[in-house]
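Number of protein chains: 2
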Amino acid sequence: MDQKVRVAVNGYGVIGKRVADAVTLQDDMELVGIADMASDYRIRIAAERGHRVFASDDAARTEMEAAGIPTVGTLDDLLGAVDVVADCAPKKLAAANKARYEAAGVKGIWQGGESHELTGLSFCAQVNYADAINRDWARVVSCNTTALSRTMHALHRQGWVHRVRAVLLRRATDPWESHINGTINTVVPEMKVPSHQGPDVQTMLPDLDITTMAGSGPFNLSHVHFAMVETTRPVSIEELKAALADEPRIAFVRAADGVVAANSVVELMRDMGRPRGDMWEVAVWEDSLSTDGREVYLTLQVDNEAIVVPETIDCIRAMSGIEADAATSIAKTDKSLGITKTFLPATTNPIAQASDSDVSTP
Amino acid sequence: MDQKVRVAVNGYGVIGKRVADAVTLQDDMELVGIADMASDYRIRIAAERGHRVFASDDAARTEMEAAGIPTVGTLDDLLGAVDVVADCAPKKLAAANKARYEAAGVKGIWQGGESHELTGLSFCAQVNYADAINRDWARVVSCNTTALSRTMHALHRQGWVHRVRAVLLRRATDPWESHINGTINTVVPEMKVPSHQGPDVQTMLPDLDITTMAGSGPFNLSHVHFAMVETTRPVSIEELKAALADEPRIAFVRAADGVVAANSVVELMRDMGRPRGDMWEVAVWEDSLSTDGREVYLTLQVDNEAIVVPETIDCIRAMSGIEADAATSIAKTDKSLGITKTFLPATTNPIAQASDSDVSTP
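Residue numbers (this note's numbering), protein chains in the order written: chain S, 124 to 485; chain F, 124 to 485.
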């Protein structure tokens, strides 16, 4: 390549800080800087980690400097020096930035909290990378939508899917803000059916028949999905495993290995040495895969903080036009981050599932 | 009636203590006594509340007396003085009691933790009361199965159900033992699909096509179900509401009233003055009811501690033969406990749903 794509990250929050780290790992991208309006420990760490910090505006810059955070300039200065901005600002604030990017002549990528209409293109690398080539605007879909897109794409491209029904159990809030949200000892069902993820998947897979229901529970690490997929013909477990194994960014976990719950998956990521414990892959419980001849059933876990990070990197690559081939970009991103298809090799001597979950009550 | 049915409750735990209280409220039943093997605060309260306490065996009796719990005799003494025993002993222990009941010539009712085969009859009053008339053995199905049986029966008897798919989110453990079970900040999916509730419903509704998936979360009050029901024809929301309204022991809650989550339903029961905060009804979120013309969608809540209590009372009535008509027994039980079809009258001025549940992440 002649020149690296110059990238800005606007909004150094849960997604933004991970995207910034991921951009720095790419040999065809340069992180010119990050922009934010906060002055707390999170932004201080950004500076400590060597990121060039820009303030959203002059007022924010004054506050940052007063807080001892060295700033290089404002967002406008940053926009003048980049090709693409990954907007990771909070939902509802992010959309308002479009005019600013347009005026600066930079391409913009938003996250899944924004509407499909904002950019006209919703993006998941392994589903529609080609659609983003040289585009000015795109939206990387949300964590849950990304997980559904990857897993259902694996089945859909085999021509197996008659209809998908999935129930999503969302984490109540993110770890960094868990002192704010009081969700405890309860479940909060969403009244709206379908929940937004189903229609959102259809922005990328328009002929996928999918309905989702959702709720959130008192935990802050990962979402869990229960998917029931009505198939066009009987699909065996072995076929199902092969299709999932053949799809990028999906990896199996096994209760037989002791990975019996969401916390086990999180602990596995920590033990693997992942930065911040991030899981960029969708974890599918291999030993939960079931079929009754009419449908296949999947249980999977989504790291809402991390799953869209590789998607954002691929989106930058597509929009900047430096790589026209989806598989090449995906492989490059995966190698840079350490994304794997195999968390743990399958053992021939699996331990028994240590689950007493149905002992106390049916 | 000539004589009251003489009832024993064996196992004064989560279900047993509630069944005991409910039996005392029936004018056609007499609670002769309760039996248990523990000597802790729970059994002491049974004595304080005026229940006659029997020990499981002589050893347990010695311990109870040593702990200051006055006992009337042993379980064998109790069995000699009753017509029916409601076995509410812990799962796996309960089945072993059958021979003892048989030897004593008393009828036996077990709870949903035991197998269908133990008694040959699984029971939910509004579904199959008649099958239990004068029988010697029956099993009241579990909390989740009861909730599914009631709600799906409401739709099934209209001829609407083509196929039911439901995801059950179970509470991790019961309040009284919440210091023991360490489930926190996680979700524990069950690897087995279908989970047992689907097949269990079919022990009463054999032609209901239903598949369930289940998991448990870090909360201890109630289960929450997400049900997707494929219908034989388009069913309108108004038809759906009418069918649920016409079925016993189902009551609506509304997010529009501020009942936005499982904890809100629990608080509603507390505010209604329910003993122990018990909810014997299935709570269905009226404003979650949805249809896309092909399927209807329901979100509901199950008080696992209480829902089977009225079923057990009706089962006693059917097995003892004192009431041949299901509707009469159900109405009698409902009146004695205060079971209602309407928790809160619908208002013409609903408040907006105070839900920000989708603000922080899609």
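Mixed in with the good hints, there may be bad ones.
Each pair may be met inside one copy or between any two copies, as identical chains are not told apart.
[What the hints assert, rightly or not] As a list, the in silico DSS-like pairs of lysine-lysine whose alpha-carbon atoms are at most 25 Å apart:
#: 1; residue 1: LYS127; residue 2: LYS455
#: 2; residue 1: LYS458; residue 2: LYS364
#: 3; residue 1: LYS214; residue 2: LYS364
#: 4; residue 1: LYS315; residue 2: LYS455
#: 5; residue 1: LYS315; residue 2: LYS221
#: 6; residue 1: LYS214; residue 2: LYS455
#: 7; residue 1: LYS215; residue 2: LYS127
#: 8; residue 1: LYS464; residue 2: LYS214
#: 9; residue 1: LYS364; residue 2: LYS215
#: 10; residue 1: LYS364; residue 2: LYS315
Hints in this document: simulated from the structure, not taken from any laboratory. Note that this is a predicted model, so its numbers are computed, not measured.
Each hint tested on the structure:
no. : hint            : result
1   : LYS127 x LYS455 : within (15 Å within a copy, 78 Å between copies)
2   : LYS458 x LYS364 : within (23 Å within a copy, 53 Å between copies)
3   : LYS214 x LYS364 : neither (36 Å within a copy, 35 Å between copies)
4   : LYS315 x LYS455 : neither (39 Å within a copy, 37 Å between copies)
5   : LYS315 x LYS221 : neither (29 Å within a copy, 47 Å between copies)
6   : LYS214 x LYS455 : neither (29 Å within a copy, 53 Å between copies)
7   : LYS215 x LYS127 : neither (31 Å within a copy, 66 Å between copies)
8   : LYS464 x LYS214 : neither (31 Å within a copy, 41 Å between copies)
9   : LYS364 x LYS215 : neither (39 Å within a copy, 35 Å between copies)
10  : LYS364 x LYS315 : between (32 Å within a copy, 16 Å between copies)
Violated hints, in rising order: 3, 4, 5, 6, 7, 8, 9; the structure is consistent with all others.
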